[in-house]
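Assemble chain C onto chain X, guided by the hints.
2 protein chains.
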Amino acid sequence: MSTYRAPLRDMQFVLRELAGVEEIAKLPGYEETTDVLDAILDEASTFATEVLDPINQSGDREGCTWNDGVVTTPKGFKEAYHAFAQAGWIGLPVLPEYGGQGLPQLLLGPTLEMWNGANVGFANGPLLNQGAIEAIELYANDALKQVYVPKLVSGEWSGTMCLTEPQAGSDLAQVRSTATPEGDHYRIKGQKIFITFGEHDMTPNIIHLVLARLPGAPEGTKGISMFIVPKVLVNADGSLGERNDVKCAGIEHKMGINANPTCTLNYGESGNGAIGYLVGEANRGLEYMFVMMNAARFSVGVQGLAIADRAYQHAVEYAKERIQFRDAASRDPKPVAIIKHPDVRRMLLFCKANIEAMRALAYVTAASLDYAHKATDENVRKEHKAFVELMIPVVKGWLTENAQTVCSVALQVFGGMGYVEETGIAQQYRDVRITTIYEGTTGIQALDLIGRKLIRDMGASATKVFKQISKFAKELESSENAEVKALAQPLTDATKALADTSQWIGMNAMGDLRKAFANSVPFLNFFGIVAGGWQLFRGAKIAAEKLAAGENDPYYTAKIQTATFYAHNILTQYAYLQKQIVDGSAGVIAGDDEMFEVERRALATA
Amino acid sequence: MSTYRAPLRDMQFVLRELAGVEEIAKLPGYEETTDVLDAILDEASTFATEVLDPINQSGDREGCTWNDGVVTTPKGFKEAYHAFAQAGWIGLPVLPEYGGQGLPQLLLGPTLEMWNGANVGFANGPLLNQGAIEAIELYANDALKQVYVPKLVSGEWSGTMCLTEPQAGSDLAQVRSTATPEGDHYRIKGQKIFITFGEHDMTPNIIHLVLARLPGAPEGTKGISMFIVPKVLVNADGSLGERNDVKCAGIEHKMGINANPTCTLNYGESGNGAIGYLVGEANRGLEYMFVMMNAARFSVGVQGLAIADRAYQHAVEYAKERIQFRDAASRDPKPVAIIKHPDVRRMLLFCKANIEAMRALAYVTAASLDYAHKATDENVRKEHKAFVELMIPVVKGWLTENAQTVCSVALQVFGGMGYVEETGIAQQYRDVRITTIYEGTTGIQALDLIGRKLIRDMGASATKVFKQISKFAKELESSENAEVKALAQPLTDATKALADTSQWIGMNAMGDLRKAFANSVPFLNFFGIVAGGWQLFRGAKIAAEKLAAGENDPYYTAKIQTATFYAHNILTQYAYLQKQIVDGSAGVIAGDDEMFEVERRALATA
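Chains as they are written, first to last, in the UniProt record's numbering: chain X, 1 to 606; chain C, 1 to 606.
No lab work stands behind these hints: they were computed from the structure.
All C-beta atoms in this analysis are idealised placements derived from N, C-alpha and C, irrespective of residue type, glycine included.
No incorrect hints appear here.
DSS-like, lysine-lysine: derived pairs with alpha carbons at most 30 Å apart: (1) Lys334(C) x Lys189(X); (2) Lys334(C) x Lys222(X); (3) Lys515(C) x Lys320(X); (4) Lys320(C) x Lys222(X).
These stretches of chain X come out as covered by chain C in the derived footprint (C-beta under 8 Å, 3 or more residues): (5) 409 to 415; (6) 422 to 436.
Okay, chain X solo, but in the shape it has when bound (with noise of 0.2 Å):
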């Protein structure tokens, strides 16, 4: 069976060493988060180990249950989530003044991929809630505010967010739920599919943030209202009072987070509408949904991560204790452990590379969100605002992109025993498949990237990013480490690759946009690619730098291996990456729909 521990050495280099922790606590606000640091992550550890990852198989196994509206969750959830609430980790990031410790982002990074990575299920009800306070506190009024987010903090109730609709996937332009104006509130009628925790068992009241439409909005984007839907009407004096008109019609038959219910939920089925009210102002929910989806792309990235590293982890016991054949090194006949022998290794280093590269961007990108949020200085501020509009897509996109083949990768150590549902490892690559599609799938991360951030700015901050990874490569160069100098022409080589290939779209772009959108996803990943690349080497940079002042700490000799092991078998692709997204845009547009239907005609003499 799997076990979770978390992966605390690499999560303190990374906070540390490569996101500046002891920065970002002379922000104003945060000041607290160095003395608090050792023990929100022993305290997370501690908790993600003993109370969530118990139930991680358990959860998968049972599911939850639908009957006539009424979801039930898998056993100990409730509990959990009680607990969870208690020990105040809904509030982590959340003003004091509504509950909350006001610590910064960057201590999400670590805490969220504990969550996800002992039980992904569970952290998804946190993770949407997440989203749902952070829209109230953001753009409701003040009396709304009282209402909802202090209880939402202190866990006694939940929130969802009410996004997708049959037609309205992607596309949110397509919303067709309406709301009617009714004295202080509005009457919201329609139909909400994939709704994460849209109805459950653990707490007696469930906050729905939804999308719908006023009478006479503008058409498309730009007519789309936020409102709060309680699931029960909260009276004046904060008691529970009347159910409103929301029902949950079915849950998802998923492949997998099968712990967490994913809801069809019908609003105003039975009468005039659910009572809702309005976030903010009238047809601006779109722009406040997009202002919270950094937040949770982030998330989902570091959801993605956190199962990469559970099913790399548990590979690894595997592949110790798993005898087959013998040392191809040795003329010993005796079977030896797996993990001996050279493809098992490239796979557990493939994992290992993969997953420290991800950690670090993750971290550094959500230092950054801090950086952005609360600099004192304005020009500091906007730097780092740029740099995270332009990293989140490449967080959400590459880091799941990136889980998936870490998680098959993973699997596949096991040989058979990967494929039996027995030994946990299946679970994973059934629960990660879905970072790449909620949240926007990782091609709506790539036009992001390439149609909203990398041609808005005429590739501005792009071009700050490669220059500023030029730099570093060039400060590897004069390393006295050899293993550490020898990564510098990898990465001077990718980088340029990546800057030539940004610039190669740019300039298609301003002719055949869809020539430039054709590999967008490969160049997602391209960019992921180059950019984990140089924070792990950030890393192995610092870590030469601390065996050389003779701390003698394996982990440090681990850290230039494994940079070592990207330089040059993932961060090579880069040589290809360039080659098809140039070369090969052309040939993605030509042809007509026509051309993938001929190969199943009988043939024409037959």
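Chain C in isolation, oriented as in the chain X frame:
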């Protein structure tokens, strides 16, 4: 819901134009091949579509049940198996003297593909059955042949292959089951796991081919013998007698292929041992198994192709129906079918190009199997045998690895609908995951390719293939079709890179075997990418000739566009793979096992 349609046009093209079915029909015994070809494809397509496909999704959902040693298959499977047998499909490649049709291996390509595309859970029965028939036909004495082969071919009984034991997965040298002589038979004791259709309710008898050790047999691979162990003993008159002592102790709960039971079989649990009959000579069981393995590995490669094709065609259907977002090339704000979007086209083309390359390579390899068996000229037989030996691990390894990526990409086209089981695409994603594991993991295929095929003859067979490809690339050079001409350079470059890399591996194998094997799986994929491109480009060249000759078939235009996509978006990986193998292999084997643990340690100072 997903439905399967056989890719008849492409199958016919590959059989006739690439694999040269007309030439195969000149081999002794295969004279009727071309006469029956169309009828067989049409009938197989009808059978796959009308009998197997309708119980594919229901079979997955229902799964198999175990109750005190009795296994029940999903609704309709028993009837389908009888219909399958009655239609003569089991005996397709079996000699007429045993009730078969004696058709070439080449025809197994499309028929196997159709069974597996329509219903992989079902198809696993005949696939293993085929192995059992072949083993008995090739190695057992006449008496055993007469008792078992006709009833296996008629489908009255069914067969299994019992190799794996808990401690002997990939490493069959560790087999511990025992066989003790007793008169004209043996008493078998031991446990076999992961036995496909090891117990079921489709036929009254099941014939197990079992690997076990005789008393005093040498250790390792040279002390394993093969036995026939029927579930029900057969009386002298061929009627069924007493139950043999083999019992199904349970079935696995798997991620996919739920319609076929995967059984734990206990032999001789309650007495002196199950009665078994020696096949061929003592201690040569593994050698026999290896001869049959070519066919089994070929079949699993085709299985991967088949599942990938089903996933792809389903994605095409969905992409034509699903409306989201406006066309980036148009000013019309109306949302369009997602097949219009460049990223979706890229995904569909990725699937199409890979699938057509995979199919071409598989069928061409099957044709070589026929030459290797039946050519009258010994040199021709030898030449094709060498080609087959080289290509089997590639067909098994590359096709199945590729198939998993294709299924994942196809699922991605569905967005959120891909993750719910309702659409059916999730089943392909779960089903296909086994194909890189059973009949030898990709790691085992890669070891075979490098260790047994590449290194053993000092690269002679591989070099021959590279020369053939280079020669063909030169022919492309002189094509009058500009697109086809443009395929020459990428193929030349990729083949040169592959040849250089092969040489690098050969050189290193003389020094450090571990280094030579470190990137064996990437090398196998490299080989597949180039060989698949070669065969796909052969198709493109022929298509161009047909078009030039005035045949106005969109299938040909699409073939050239598909090859062009492959050249730039898939074949270009050579630039990365060569670097990875040559520069990255040392890093794979550097470091100790401890390096995979360090990230989970707490920080010393914390």
